[in-house]
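Chain by chain, the residues run as shown.
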Amino acid sequence: MSVWGAYTKRFQRNMDKVVPRAIGKARLKDQNMYALPTLEQTHPTVPKSEQKTKPEQIGILAGDLAYISEGPQKGTISRILRYMPEYDGVLLMDVTSKKLLPKYSWMENQTTHVFDYPEITPLSQIKLAAKEKHEETGEITYVVADELEMKGRYFDARHKKWLPRRFVKNHDRVEIPWPAPEDPVGDADSEQTKLIATDSETALETTYELQTLAKPSIPVDVVNELRNPHSKYKKRYLSEYQARVMKAPDMPLSNAQKAYLAKKAEQEAKQQALHRGRPITNLSEEIQSFIGEKMASHINKIDNPHLLEHLEGLSAIEIPDFAATQQKIRDAESAEQKPEQK
Amino acid sequence: MSFLKSIWSIQTRSFSQTPSVSHKTSKSFHRLSKYVRKVNDTQHHAGEEIKGIGKIPSQQAELPVYQYEARFFKRQNRGLYGGLQRRSGHTCSEAENKNKRTYLPNIVNKRLWSEALNTAIKLRVSTKVLKTITKDGGLDEYLTKDTSTRIKTLGLKGWELKYKVLKAREFAQLPNYNGLKVYYIHPDGKEFIVEKEELVEALYPFVHRDSFEGVNKDKFVKESSVLTFEELVNQLEAYNFDFTNVTVQEHQRVASEREEVA
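Chains A and B are the protein sequences, given in the same order.
Number 43 in full-length UniProt numbering belongs to position 43 of the first sequence; there are no gaps in the numbering.
Number 11 in full-length UniProt numbering belongs to position 11 of the second sequence; there are no gaps in the numbering.
Think of the hints as simulated: they come from the structure by calculation, not from any bench.
A couple of the hints might just be wrong.
To be verified - Calculated pairs, DSBU-like style, for lysine-lysine (alpha carbon to alpha carbon, straight line, at most 30 Å):
#1 B:K55 <-> B:K34
#2 A:K258 <-> B:K219
#3 A:K54 <-> A:K215
#4 A:K234 <-> B:K74
#5 B:K100 <-> A:K247
#6 A:K232 <-> B:K222
#7 B:K51 <-> A:K215
#8 B:K74 <-> A:K9
#9 B:K167 <-> A:K258
#10 A:K263 <-> B:K190
If you're wondering where the values come from, they're calculated on a predicted model, not measured in any experiment.
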């Protein structure tokens, strides 16, 4: 359940707690406030959750005969035109009342404001009736079922669906069959079906066949015409503004932090200056001879001819970094010599 | 000595603007760092894929991100509580029956003078923080101290005030020539006597003229609000903008110096 569903107001009636029938009556009052005279509604609407939709729930269908057991028309047997689930009532052929219709809602060929309008008869005020013809005498009698009982199921070919069998309660031999539908469903021969139906040949005709999944079924260029590539909901990459907006400002540095940074930068600069000032030059002859002596003394100690051979091989390898450094040294020396010459 | 201490704190804090959440702090404030929500400080760039980034705010945040915003006893975000929270204890009757009770920190309403902002600020302050402010030598000094404990115990309100104070100090350091307040000094030495908004106004006609379709002014002003002063000046320089009306001129500088001498 959503949060909003659980939300109630302190000074407002909680409609969830009101009985649905009470809402129906209140709504009826509201609806009749602006209704035309003689066209007021008298029956409250049934909430959708309580409406009956299946024939076995209702017990009757359009085309059945009904015996009116209450009201001014009591005792008459009439044909049911329509069941109205929202009022839980039926429209009967003989139960009508004179209504005054405004001109804009006149039917075709209507010449007067007065119109015989079918009245809703609640389901509780009618009983199912059935006509019975005596086999020998041909005399017509009516059976009125006080209560109904549904038993078993059979497939009704006229309605094209499964329906229960209808019996008068406590009289298992008296079955009242369901009436034939006014407009036979799926009857290919009926006039109405012919009007609205598509030919079976047309319906089954294949006009397009997918040849391959590798190719799109429509040209690629059409995709952009069908979809909006510029939709703001399809923006997939951050703009410069968006990227910047997402960054909160930085806290400015305090005096102590600035002082520390300045000191550190100064130290680093000093270090770098020291390093940078150190000249890259060739080693002096004294140092060179010293290193040479050291190396010679080390090498002379080696007895193993294989190791000596290995060291010989190592010294033959040209190291690119070493060559580059040598080049730098040469450049530095030549640069020093040039001002001297001038 | 205090200066040395602050230097020491900086060194241990590795100088990041957003201190790490797991940093050690005084034991009595452990709850402050224990229950903080981890702030997402990912840096985004233009052209990045939007998918997975989350909601993009319509405006830039006014404050720097505060790592230690309290999620409990939230009144501490609205004043200077110095890390004090509700504590629990017992009431004890004569028969020594103990019942649970809480103790709230001693909070008072105060007007504290800020030297940098040049105003008195109405605040809810704990008496403990009042003592610390006196010891540090004023509200501004209290707010701008850089120890990790101070940052954690400042609270959201303190963090906001700290930002304002540091900004005001930065602004105060910029020169003032005989009533002409400098807002920004460009690396090439130009001293700007107008605010950023006026440079945006000045830039608009150039950009509008440059564009084939034209530029919506409101949109331009909104999107330029995130540019820095330096970027705006650079853009104007590219259009050969005449800066004489928006920068301090030599004669104005000389006149103000003369007046100072007099």
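Against the structure, the hints come out as follows:
A hinted pair counts as satisfied when its Cα atoms are at most 30 Å apart, and K55 of chain B with K34 of chain B qualifies at roughly 27 Å. With a C-alpha separation of about 37 Å, the suggested pairing of K258 of chain A with K219 of chain B is violated against the 30 Å cut-off. Between K54 of chain A and K215 of chain A the alpha-carbon distance is near 49 Å, which puts this suggested pair outside the 30 Å criterion. Between K234 of chain A and K74 of chain B the CA atoms are separated by roughly 39 Å; this puts the pair beyond 30 Å, and the hint is violated.
Between K100 of chain B and K247 of chain A, the direct Cα distance comes to roughly 45 Å. Violation of the 30 Å bound is thereby established for this hinted pair. A threshold of 30 Å between alpha carbons decides the hint, and for K232 of chain A with K222 of chain B the separation of about 18 Å falls inside it, so the pair holds. Taking the CA atoms of K51 of chain B and K215 of chain A, the gap is about 29 Å. The hint holds against a cut of 30 Å. Restraint check for K74 of chain B and K9 of chain A: the C-alpha separation of about 28 Å stays at or below 30 Å, so the hint holds.
A hinted pair counts as satisfied when its Cα atoms are at most 30 Å apart, and K167 of chain B with K258 of chain A qualifies at roughly 14 Å. Distance hint between K263 of chain A and K190 of chain B is fulfilled; the C-alpha atoms sit about 27 Å from each other, no more than 30 Å.
The structure is inconsistent with the numbered hints 2, 3, 4, 5, although it conforms to all the rest.
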